[in-house]
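Engineer: Following the hints, position chains B and C against chain A.
Take a look at the letters that make up each chain.
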Amino acid sequence: MFVISGMCRQVGVQEILAELIKSGQPSIEWDLSQPFGGGRTTGTPVSCWQPVELPLETIDTGDSGQLRVPLWLRPQLLIAILLAVWQVAIDRHPAQLLPGPMGVASGILDLMEHGLLLKYVVASLFRVTWGFGLAALLAIPLGLMLGWYRRGEMAIYPLVQVFRPISPLAWIPVAILWFGVGDMAAIFLIFVGCFFPLLLTAMSAVHGIPAVYFNAGRNFGLSSSAFVSRVLYPAVVPQLLTGLRITLGIAWLVVVAAEMISVNSGLGFLIVDARNAGNRYDLVVAGMVIIGVIGLLLDLAMRSLERVRSFHWSSSED
Amino acid sequence: MRSIAKPRVWESFFWPVVAAALLLAVWHYSVVFTGTKVFPSPTSVQTGVGELLQKHVLWADIGDSLRRVALGFGAAVLIGIPVGLWLGWSAAANQVVNPVLQILRPISPIAWIPVAIIFFGVGDRAAIFLVFLASFFPIVLACVSGVSSVSPVLRSAGRNLGLSTPQLLRRVIFPAALPQILVGVRLALGIAWVVVVAGEMIAVDSGLGYLVIDSRNSGKRYDLVVAAMLMIGIIGLALDFSVRRVERIKSVRWGFRDAS
Amino acid sequence: MEFFGGLVSTAQPVVNAAGAGQKLRIQNLSMVFERDGESVSALEDINLDVSEGEFVCIVGPSGCGKSTLLNVLAGFLSSTKGSVTIDGEAVSGPDPRRILVFQERGVFPWLTVEGNIGFGLSKLPRAKREERIAHYVQTVRLQGFEKAYPSDLSGGMKQRLQVARALAVNPDILYLDEPFGALDSITRVIMRGELMRIWQTERRTILFVTHDIDEAVQMADRVVVLSSRPARIKDILTVDIPHPRNISSPRYLELRDELLKQIGLAYEI
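Chains as they are written, first to last, in our numbering: chain A, 1 to 318; chain B, 1001 to 1260; chain C, 2001 to 2269.
So here's chain A without its partners, still in its complex pose:
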């Protein structure tokens, strides 16, 4: 009979062990009252104090005036105000090269009319997918392995730390040298920009696995491969997902820079080209806005992936 203590409240372990029980391991008793190994001193029932500042669920906005704008409207209101200020500023300086919101909107319409909007967005997304995907495929297994083998990590870590701060842009000469001018070079730049952060995330994810999991796995006599698939993998997924989301954001930032290398499509190209070939700043800013919006959508998409129930078990003890 095994006694599992309260420390194993981290749900991941409970689920794994429950699975092991189902598969016919000896019976297991739960003793949730004592801390595990004396390391942490929590293990008491939840205190009944709900730390609320006010008993009622309203946000005290400190609004002294009579005008109460409903909460959902306020962000839009701010954006509208900013846009209005922008437009007024532009109107005041007609010689100004920068477009106002109106100019940007017409720029976007312009792009749509020429069928370029979709084409460029797809081109940029294509390059990001390839660069990011390759980086993930290489960096994550390598990172997990390095996180596991201390010596491997000790060897590689300083090198990674030297390469990481080098902006992908600084790799442009090398990229052109190796891949010539075009898509491959751009994808390479995105790859470089994503590889190191993902490597570090994977290594850090392995570090973050509590020792408890290892001991529990060893205790139950799991073979190495079983351990990897049944304990290691579920334990690292949440952190990996967060890292992937952040790195996807980086990839999106880099694609703009990458497309400045003589490719002939994409949002980054749009920005550079629109400026060079005729100072079409309305298109430049239109490009910026589209980049921002798509970047935001990518981020939201990744966040909803993180929220998928089956991945959502990482609960820190705090």
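By construction, these hints were calculated from the structure, which means they are not laboratory data.
Quick reminder that beta carbons are idealized off the backbone N, C-alpha and C, glycines included.
There could be a bad hint or two in this list.
Said to hold, decoys possible - Far from chain B by the CB rule (all over 12 angstroms, computed), these chain A residues: (1) V122; (2) I140; (3) S225; (4) R230; (5) V237; (6) A258.
What the hints assert, rightly or not - Straight-line Cα separation of at most 30 angstroms, DSBU-like style, residue types lysine-lysine; simulated pairs: (7) C:K2023 - B:K1250; (8) C:K2023 - C:K2147; (9) C:K2234 - C:K2023; (10) C:K2147 - C:K2123; (11) B:K1250 - C:K2261; (12) C:K2123 - B:K1250; (13) B:K1055 - B:K1037.
Structural biologist: This is chains B and C only, laid out in the frame that chain A set:
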């Protein structure tokens, strides 16, 4: 905690050296093997660095890049932390401003370059503006996150001991959020360094980024290109290291669980 | 068998003498929370008088509202109905004159022991402040740790630090919300002794919330028993055993049994 063997102290020097040596060897022999005329070998990079140092160009460029980082990043810290604290404290303010931030954040600093050039012309100020922009968001977001994760117990304890709101922010909320703010600061510094190099490649005519581009454009001096890249990497590492040192000060160390 | 050594033996138990100045008056206190349109009644019609220098324990099952009560008394929450007055003055917000000691994580981790204790003393001139800090370091027996940070201290030491910080601002009332709940049982016993010692020296009015019945009977002059939610005062027991209390004495066991019965627990396992 991972593989069972516990490495000795000397190994923390040994293995990186082995890896670096391996890398250099692979580099050297692939240059020799492919017979490339353009891509430099490790030795030619070394002479390249020597050349740069001799011409005093390197120090000036490093100084320029660091100066731009200092100004842009410094401004981001000075403005971003109060803004972040305010947004973290006032849920109402955050709810209004956050969407704007979330839309602006994914726009690459590179994409801001044309706008920066319009406002500031080609030169120092444009680069500093880019660095500021790139560092601003991580700092603000880290502040917001830090403030909201301050335990209500600490807030209550502060109030209980008679603190007014400004005092509470200064003496309890800020110190309590500081570890997380420092993480954001370290991240922002890393980004600042990357962006200054990128910005220099496009918008100015001095600095390490410019050196990279210029070495290639005027004479295909790839030895200097790679030398400059390595310098960029090493300085970036040094910057990161120095913030990590700050993170180890006793009055913030409590907020970092020992990672390894 | 004497359990708490070093305590001043009290000849008579502290009795709630009629006419003694009421330090704390709770009258018709009710607390209702609104959550998603539903009202949840946490406290119902609490009436209690506590006199100066008394040690009162509040016990009740988990989730009953004991901590809510303390929060209202400390001024962190405002009650829906009823009033709380201390020395005749209504409680309307947090105030250094009534300090709440939390169950855990109440000390400021970025300050040393000295920094924490001196936190509420910023209005004092420097010499006085240092004197006060040194005094309370002695009181809670943390000498030698003045420059240590909370991360270097054990759980029990951190709680002692919280108590020192609370006492340093010279409050009228000390509230303790299950302060020993996060500690292991041996430390808990030691801490009870420490708290008793401090109380005997400093003689503050103390309200101590716990779910541990033994703790209540060992320490309190009076024990207030709360029902489960919505919390009402079920009973108030007077513990008339003089300190130091022998936990094997018949009277002790009697009171303990009484409490267990009040809370409705069987006492044969």
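Engineer: Now, for every hint given, state plainly whether the structure supports it.
Structural biologist: These are the hints, each one checked on the structure:
1. Chain B leaves V122 of chain A outside its interface by the beta-carbon criterion, the shortest separation being 18 angstroms against a cut-off of 12 angstroms.
2. Residue placement check: I140 of chain A keeps its beta carbon more than 12 angstroms from all beta carbons of chain B (closest about 16 angstroms).
3. Here S225 of chain A stays apart from chain B, with its beta-carbon at least about 15 angstroms from theirs, past the 12 angstroms limit.
4. Even its closest Cβ contact with chain B, about 17 angstroms, leaves R230 of chain A beyond 12 angstroms, as expected for a residue assigned away from the interface.
5. The Cβ of V237 of chain A sits about 17 angstroms from the closest Cβ of chain B, beyond the 12 angstroms cut-off, so the non-interface label holds.
6. For A258 of chain A, the shortest C-beta to C-beta distance to chain B comes to about 9 angstroms, within the 12 angstroms cut-off, and the non-interface label is violated.
7. With a C-alpha separation of about 41 angstroms, the suggested pairing of K2023 of chain C with K1250 of chain B is violated against the 30 angstroms cut-off.
8. Under the criterion of a C-alpha separation no larger than 30 angstroms, the hint pairing K2023 of chain C with K2147 of chain C is inconsistent with the structure, at around 36 angstroms.
9. Restraint check for K2234 of chain C and K2023 of chain C: the C-alpha separation of about 22 angstroms stays at or below 30 angstroms, so the hint holds.
10. The suggested pairing of K2147 of chain C with K2123 of chain C holds, with an alpha-carbon distance near 21 angstroms, which does not exceed 30 angstroms.
11. Distance hint between K1250 of chain B and K2261 of chain C is unfulfilled; the C-alpha atoms sit about 50 angstroms from each other, more than 30 angstroms.
12. Of the supplied pair hints, the one linking K2123 of chain C and K1250 of chain B holds, its CA atoms being roughly 26 angstroms apart against a limit of 30 angstroms.
13. For the proposed pair K1055 of chain B and K1037 of chain B, the alpha carbon gap of about 24 angstroms is at most 30 angstroms, so the pair holds.
This entry does not satisfy hints 6, 7, 8 and 11, going by the numbered hints stated previously.
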